[in-house]
Amino acid sequence: GAVVSQHPSRVICKSGTSVKIECRSLDFQATTMFWYRQFPKQSLMLMATSNEGSKATYEQGVEKDKFLINHASLTLSTLTVTSAHPEDSSFYICSAGGRPNYGYTFGSGTRLTVV
Amino acid sequence: ELKVEQNPLFLSMQEGKNYTIYCNYSTTSDRLYWYRQDPGKSLESLFVLLSNGAVKQEGRLMASLDTKARLSTLHITAAVHDLSATYFCAVHLKNTGNQFYFGTGTSLTVIP
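Protein chains in written order, with the numbering used here: chain A, 1 to 115; chain B, 116 to 227.
Next up, chain B with everything else stripped away, as it sits in the complex (with noise of 0.2 Å):
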């Protein structure tokens, strides 16, 4: 069974720290890929990763993806109010199916 866990679930932070997201997958993958959620509304996308060793960045927030090591990390660098959210990684397994499946979640509060 494929897990995808997140770290931490819940993360408060101030007002222009920095910190990391944690993505561990239990499984080979092709993709890997990050969501933010606000409340009550749908998915945005943030980044697809494809490859070992990608790096991709975004304004304040930056992801990288180690294949080997199955974890993915999303960066955050002086963090903002705006960032608040739930970030989601999401595995992509192209050999069974193109299934898809979503990490536990990390619910960001920003403090002013």
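Isolated chain A (complex conformation) (with noise of 0.2 Å):
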């Protein structure tokens, strides 16, 4: 149980254009997703906290405006990386779950080159 799925796994993008990555939670709802971002042999920072049906809360320094996030339904939270640049390339992971047990599962991750 448990499982996050992650899509797409890798995508290459010009400058300038936008990219949407979905991430869902197959066989459980999640009322609360994570989005965090992984730049090469570093730690994994927290961008957003996705709320279902509700405004995402976004970690200090992270741009709302460029990091569009949507979490329309109990299984699934988007996020659109809005007029790319190579400094957004990146390794894009997400997150759901946090029951005691078994705390949280993560996606596959995303890797987002943008050229």
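To be clear, the hints were calculated from the coordinates, so they are not data collected in a lab.
Built from N, CA and C at the ideal position, the CB exists for glycine as well.
Among the hints, a few may not be true.
As the list claims (entries may be wrong) - Restricting the straight-line Cα-Cα distance to at most 27 Å, the calculated cross-link-like pairs of lysine-lysine (DSS-like) are:
{"#": "1", "chain 1": "B", "residue 1": "K171", "chain 2": "A", "residue 2": "K64"}
{"#": "2", "chain 1": "B", "residue 1": "K209", "chain 2": "A", "residue 2": "K55"}
{"#": "3", "chain 1": "B", "residue 1": "K118", "chain 2": "A", "residue 2": "K66"}
{"#": "4", "chain 1": "A", "residue 1": "K66", "chain 2": "A", "residue 2": "K20"}
{"#": "5", "chain 1": "A", "residue 1": "K20", "chain 2": "B", "residue 2": "K118"}
Claimed, not checked - Residues from chain A that keep clear of chain B, each with C-beta distances beyond 12 Å, as calculated:
{"#": "6", "residue": "S18"}
{"#": "7", "residue": "L74"}
{"#": "8", "residue": "V114"}
Unchecked claim - The calculated label-pair distances, taken between Cβ atoms and stated as ranges, are:
{"#": "9", "chain 1": "B", "residue 1": "T143", "chain 2": "A", "residue 2": "G16", "range": "42 to 48 Å"}
{"#": "10", "chain 1": "A", "residue 1": "E52", "chain 2": "B", "residue 2": "N133", "range": "41 to 47 Å"}
{"#": "11", "chain 1": "A", "residue 1": "K20", "chain 2": "B", "residue 2": "K156", "range": "20 to 26 Å"}
{"#": "12", "chain 1": "A", "residue 1": "P86", "chain 2": "B", "residue 2": "N133", "range": "40 to 46 Å"}
{"#": "13", "chain 1": "A", "residue 1": "E52", "chain 2": "B", "residue 2": "T142", "range": "24 to 30 Å"}
{"#": "14", "chain 1": "B", "residue 1": "T188", "chain 2": "A", "residue 2": "K64", "range": "34 to 40 Å"}
{"#": "15", "chain 1": "B", "residue 1": "G168", "chain 2": "A", "residue 2": "G61", "range": "34 to 40 Å"}
{"#": "16", "chain 1": "A", "residue 1": "P86", "chain 2": "B", "residue 2": "L124", "range": "34 to 40 Å"}
Take the two lone chains, each set in its own frame, and fit them into one complex as the hints suggest.
Below, the structure is given as structure tokens:
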């Protein structure tokens, strides 16, 4: 149980375009999902907390107009990187769950490369 | 500002040896997690520690939690090459919106 699916796994896009990343909880309902960014050989940085039916809560320093988060249902959260630039290239990972004995499950991650 | 620090950041050890990775955090936490990450992959859950004094073991790995000292340890016994990966601890802050913060990570290389 507690499977989180993330799509796409890898995307290459041109500067100035937008990219949408999907995170789905397959066998449970997730009122809260988390979005992280990870640069090479670094730790995961929490970008925002996605709340079903309400606005996302962004961490300090994360531009909410650039990283649009939508959590329209209990099983789906999306992260849209708008007007992408090369410095946005990173590994983006979502997570959901948080059940006491199992913790949080992570999606498989999305490798974004902006050229 | 919450800080979650791991020590060491890089660890190279021979097969068969024992070692401990430390995770210190700067504020009260409800739960602490340990994850493993292989290169280019996402995170795999290893342990969930829910209370002070919690100890969990799986194979050659054992994790413990001391909430008073704000310290968790991940002990490796008789390391094998397959354990080579990056290990992260993560702290859960339930009272501030279910936020979840990762440690700096420990890159472990086990040498045959």
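These are the hints, each one checked on the structure:
no., hint, verdict
1, B:K171 - A:K64, "violated, 39 Å"
2, B:K209 - A:K55, "holds, 19 Å"
3, B:K118 - A:K66, "holds, 26 Å"
4, A:K66 - A:K20, "holds, 12 Å"
5, A:K20 - B:K118, "violated, 31 Å"
6, S18, "holds, 23 Å"
7, L74, "holds, 15 Å"
8, V114, "holds, 18 Å"
9, B:T143 - A:G16: 42 to 48 Å, "holds, 44 Å"
10, A:E52 - B:N133: 41 to 47 Å, "holds, 45 Å"
11, A:K20 - B:K156: 20 to 26 Å, "holds, 22 Å"
12, A:P86 - B:N133: 40 to 46 Å, "holds, 43 Å"
13, A:E52 - B:T142: 24 to 30 Å, "holds, 27 Å"
14, B:T188 - A:K64: 34 to 40 Å, "holds, 37 Å"
15, B:G168 - A:G61: 34 to 40 Å, "holds, 36 Å"
16, A:P86 - B:L124: 34 to 40 Å, "violated, 27 Å"
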